[in-house]
Amino acid sequence: MRFKFPLMAIGLEVAMIVLFGLFVQYEKDQNIRQQLSSSNSTDVDRFSELYPLFQDVHVMIFVGFGFLMTFLKKYGFSSVGINLLIAALGLQWGTLMQGILHSHGHKIHIGIKNFIWDLHYSLMYSFSFTATVLISFGAVLGKISPLQMLIMTIIEIAVFAGNEHLVAEIFMATDIGASMTIHAFGAYFGLAVAGVLYRPGLRRGHDNEESVYHSDLFAMIGTLFLWIFWPSFNSAIAEAGDKEYRAVVNTYFSLAACVLTAYAFSSLVEHRGKLDMVHIQNATLAGGVAVGTCADMAIHPYVSMIIGSIAGMVSVLGFKFLTPVFATKLRIHDTCGVHNLHGLPGVVGGLAGIVAVALGASDTSTPVMQAAALGSSIGAALAGGLITGLILKLPIWGQPSDQNCYDDSVFWEVPRWREHDHHFHEHHGHNHLEPEL
Amino acid sequence: MRFKFPLMAIGLEVAMIVLFGLFVQYEKDQNIRQQLSSSNSTDVDRFSELYPLFQDVHVMIFVGFGFLMTFLKKYGFSSVGINLLIAALGLQWGTLMQGILHSHGHKIHIGIKNFIWDLHYSLMYSFSFTATVLISFGAVLGKISPLQMLIMTIIEIAVFAGNEHLVAEIFMATDIGASMTIHAFGAYFGLAVAGVLYRPGLRRGHDNEESVYHSDLFAMIGTLFLWIFWPSFNSAIAEAGDKEYRAVVNTYFSLAACVLTAYAFSSLVEHRGKLDMVHIQNATLAGGVAVGTCADMAIHPYVSMIIGSIAGMVSVLGFKFLTPVFATKLRIHDTCGVHNLHGLPGVVGGLAGIVAVALGASDTSTPVMQAAALGSSIGAALAGGLITGLILKLPIWGQPSDQNCYDDSVFWEVPRWREHDHHFHEHHGHNHLEPEL
Amino acid sequence: MRFKFPLMAIGLEVAMIVLFGLFVQYEKDQNIRQQLSSSNSTDVDRFSELYPLFQDVHVMIFVGFGFLMTFLKKYGFSSVGINLLIAALGLQWGTLMQGILHSHGHKIHIGIKNFIWDLHYSLMYSFSFTATVLISFGAVLGKISPLQMLIMTIIEIAVFAGNEHLVAEIFMATDIGASMTIHAFGAYFGLAVAGVLYRPGLRRGHDNEESVYHSDLFAMIGTLFLWIFWPSFNSAIAEAGDKEYRAVVNTYFSLAACVLTAYAFSSLVEHRGKLDMVHIQNATLAGGVAVGTCADMAIHPYVSMIIGSIAGMVSVLGFKFLTPVFATKLRIHDTCGVHNLHGLPGVVGGLAGIVAVALGASDTSTPVMQAAALGSSIGAALAGGLITGLILKLPIWGQPSDQNCYDDSVFWEVPRWREHDHHFHEHHGHNHLEPEL
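Chains as they are written, first to last, in the working numbering: chain A, 2 to 438; chain B, 2 to 438; chain C, 2 to 438.
Heads up, some of the hints might be wrong.
Given that identical chains are not distinguished, each listed pair holds provided it fits within a single copy or across any two copies.
[What the hints assert, rightly or not] Below, a list of computed lysine-lysine pairs in the BS3-like style, where the Cα atoms sit at most 27 Å apart:
1. 394 to 321
2. 5 to 321
3. 330 to 244
4. 330 to 5
5. 275 to 244
6. 394 to 244
7. 5 to 244
8. 244 to 321
9. 394 to 275
10. 275 to 5
11. 394 to 5
12. 321 to 275
13. 394 to 330
Rather than coming from a laboratory, the hints here were simulated on the basis of the structure.
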């Protein structure tokens with residue numbers, strides 16, 4: 002294990018550099034630009050229009066996902082650190098993958114139609130790849146090694162690219178905010194991996210698998226930045242004009258409605274009516290996931306709010322009732338509850354898309370094709386996740402032992418002082434009774 | 002109490018959906034658009050111009066206000082969580098309120114003049130409503146229940162809308178950065194509520210009403226994002242061109258100057274010349290509040306800096322000398338010191354506006370009308386706050402007992418481990434029963 | 002000491018106001034605007050194009066730099082607080098300095114060529130000044146007083162302006178992302194100051210000079226926002242169009258590659274292959290520094306990735322092997338390791354620029370002039386830093402004693418409870434005198 006991780010990381014980066022050297026270039030070729038007869042001034046406008054969206058999604062990927070997962074008391078370094086590592090690898094590998102899908106044998110330009118739009122197009126695609134892997138990461142958080150995550154990143158992005166191609170090019174289905182292709186796919190892929198890697202030794206839980214007060218506040222940094230920029234995510238690849246406008250408005254009101262029902266149901270299902278931070282951190286975002294597929298359609302703001310309300314409710318109920326059943330009966334342990342934030346709301350989004358298309362809210366797809374896209378996304382995710390899980394199960398990747406799960410100190414130099422260690426220390430040192438032990 | 006909060010939240014969301022279904026639609030009607038003869042391309046440009054501002058203000062509302070209030074050692078979940086809840090409700094209710102004010106009986110379009118600008122216009126208005134409620138929230142932080150906050154949100158936004166209409170349409174006063182209509186209004190509304198809900202039992206303070214080291218750092222996340230994006234807030238509804246440019250520049254230099262005087266006076270008034278985190282978290286923002294009314298006027302950058310310098314000084318002096326007097330003599334306990342961050346600097350801003358208009362820096366208003374706007378904002382806030390306070394005083398809203406103030410554990414499931422519990426425990430060396438256990 | 006800091010802060014702010022009153026005005030003069038024959042509509046477009054970049058860099062300066070330095074367990078208030086103070090002063094003083102350099106004797110307009118571009122141009126310059134001081138701040142963090150930082154800010158910005166003038170106007174060198182003029186300059190200036198202020202009493206380290214678990218997570222907030230917005234920084238003053246596009250793409254891929262090698266080498270050089278948070282917080286950003294000089298050149302994405310890979314590696318090796326040698330042999334103690342994040346990668350960037358220009362990637366400069374710019378930046382920084390260090394060594398600035406280093410409580414009112422105090426206390430089990438109590 003001592004050298005496997007660094008050598009794998011260096012090897013992957015060298016491979017990326019070689020592949021970029023062979024296949025990727027700026028979209029600056031005069032010939033291409035002239036063919037497209039794109040005037041420079043339009044490109045500049047388009048760049049300045051898209052760059053803020055690009056950065057919003059950046060914040061979601063690095064700060065949003067990274068901090069959302071810091072809720073575990075001893076796993077903050079890994080949550081935010083491995084998130085950064087995966088994202089950096091995923092952006093490079095994703096750029097290559099989308100290029101392969103779209104280049105039709107030519108050199109992969111960073112961009113296809115003209116040099117500015119395609120910066121965006123290209124990078125948005127790599128974001129999609131990356132976001133998907135980060136969602137799956139949530140299901141196995143604390144239970145796998147950084148080396149295993151590198152392997153999973155490479156495989157999952159390839160499977161994602163295949164499904165994305167199927168959905169967009171073969172089924173011609175519409176999924177602007179990627180409820181199906183990113184959220185449902187990422188969740189079910191992660192669940193399948195988690196199922197294969199199930200640890201019977203931890204079926205009664207683990208001392209480290211809980212939050213402390215401050216770790217829950219760090220996680221809220223992630224929640225809030227995800228909430229704020231979700232309209233940018235859902236509208237990022239929408240057509241400029243009406244569709245982009247609607248993608249923003251629908252996502253915005255779906256999220257707002259979702260917050261109210263998430264709070265209400267969190268209080269309803271909890272002991273003595275108290276709110277649960279896990280629900281607030283996650284279920285308040287379900288409205289962004291669920292409105293994804295039909296975000297750019299003319300579905301009326303109040304319909305977005307209905308979708309968001311349902312998503313907030315379903316997500317909280319999933320956390321309360323489904324996650325424990327998954328862990329005990331199905332032997333699938335989902336650390337962050339990605340099934341409740343991405344899986345179920347993603348399916349809600351896919352179903353809403355089928356209904357919306359059936360009702361004529363979009364004329365570019367059919368209900369059958371939408372259903373095929375939903376089925377394909379879940380099926381490909383489960384199949385890909387199973388295979389990935391089996392590969393990760395090989396005893397050569399430095400997977401942590403049951404006892405060392407959810408603990409940064411296996412992979413990180415940790416400061417001598419950590420509040421919970423201190424506590425733990427004390428507990429064993431003398432008979433100080435702390436409530437949590 | 003067990004079901005009041007969730008049922009109220011669900012009821013409000015259902016009401017919002019029904020009202021949106023009845024009254025709100027996209028600004029996409031072909032007829033309207035043709036009447037306005039707005040070309041599509043212009044709309045797209047305008048959207049891409051406004052969307053980043055829209056997101057900046059988003060960050061202020063959710064991250065800025067939310068984290069600014071996390072300074073209390075045991076009230077971080079509520080600060081950032083109830084902030085999110087209020088904002089989500091406020092954005093929906095605010096959209097309806099501004100529509101009622103501006104629609105003149107027609108269906109409320111999301112937007113009036115053309116479909117893109119008005120997305121912004123409309124949403125900026127809902128932000129104003131929301132920001133105002135969040136300011137008032139600071140005055141009663143830790144002392145009221147989530148259910149009470151829902152009630153207060155609904156009432157305060159209605160009163161705000163009335164005053165806003167008066168200031169903008171009747172007095173025709175100018176207040177681009179809303180020193181008077183948002184900041185002074187929000188502060189005095191909150192103070193009036195706090196006065197009615199005064200708790201004599203806490204006149205000697207409360208053990209929980211203090212920060213710990215990390216909670217002060219969390220609060221600085223809020224401070225910095227508010228500081229950074231304040232120029233976006235003050236310029237968000239300014240006319241494009243010179244006025245928008247000046248609103249950015251004036252706000253920017255007022256804030257920069259304000260930081261220097263806030264640090265200087267914090268050191269001057271404190272024991273042994275040390276800096277006080279409360280001042281740094283709040284008074285460094287007073288320059289953004291105080292320059293609000295005349296932010297878009299041609300007042301010269303150095304005048305903005307004078308306004309900012311005064312605001313930083315006044316704010317620190319308010320924290321040091323006025324807040325204790327309010328709490329003891331006036332029986333108004335202001336948890337976050339909103340009077341010092343929003344009240345006093347808002348009045349400074351209103352007065353600066355009167356002077357600036359008198360000196361001819363704006364030809365769209367008169368000093369008398371500016372004074373009327375300032376008086377109306379404070380008067381409406383006090384009256385509205387008193388009534389709201391009386392309603393909230395009804396013993397049916399689950400208001401926490403004196404002992405349970407400033408403690409998340411009344412309304413939240415709190416992780417078993419919290420640093421200060423541990424501390425408190427040890428410090429007092431006895432079995433102190435925490436409410437959540 | 003009681004009054005020196007506040008009086009200096011007030012005095013500086015008064016001076017700024019007077020100088021702004023004398024020399025700075027809006028770029029709104031009709032004559033100037035007509036001379037430039039700039040149409041209003043173009044200005045508006047340019048403003049909306051630049052404002053998001055302006056705000057991105059804002060986030061880097063205030064949140065990025067501020068939180069990156071909060072890693073020390075007892076110095077978070079000062080890190081984020083003094084960062085804010087320096088930035089606020091630096092932005093004002095920088096605006097004056099760049100005006101002096103560019104105004105050629107006329108009144109300093111906020112802007113030169115036309116009123117919108119120049120808002121940006123002008124403010125970007127003040128950002129450069131400010132960023133440079135903040136880099137140097139990292140080298141002396143915890144060892145100097147707020148008063149000393151005010152002095153250093155004033156002097157360093159003046160020296161920076163001189164060198165910047167030399168590099169841009171005399172050598173006509175290209176350095177779009179400022180690898181040399183900001184990063185190398187800031188690092189070597191700070192190291193020179195740190196060398197003069199060397200404390201032999203701390204050669205064996207200091208109990209406070211370490212992180213705790215949560216302080217390392219706060220620092221990651223800084224790291225991530227810096228990472229995300231680095232493409233905005235490197236492209237902020239690039240020419241719109243191809244150059245701006247390339248500055249974004251090259252920075253982006255350099256950063257992504259840098260992350261992989263930083264993780265790999267952190268694991269390689271550490272005991273038992275564990276990752277070190279110091280490396281992850283800092284070395285993952287080295288790719289943004291190193292690609293700065295040639296970010297806008299047509300160097301191919303894979304070359305950016307090579308530059309980034311080298312920077313990540315060099316930075317980690319610097320932290321591991323060079324920083325200890327500096328502290329013991331050269332008697333230069335670099336608190337944040339700015340030499341490894343800004344110094345070495347800045348030199349790598351300067352060298353990459355020489356090679357790129359030699360290979361014809363830019364026709365606006367020559368290798369000799371690039372080398373002169375690199376030499377001048379390092380030379381001016383060392384000379385300026387030495388002189389500044391000597392001035393700061395005068396025993397009138399309230400420099401903290403050795404024992405009080407890295408401790409907020411010398412300059413701040415600190416909450417009664419701090420986790421590490423508690424820990425320390427307990428751990429040693431005796432009446433340890435905390436300075437603030």
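Practice task
Would you list, in rising numerical order, the hints stated earlier that this structure does not obey?
Solution key: Hints 1, 3, 4, 5, 6, 7, 8 contradicted; others consistent.
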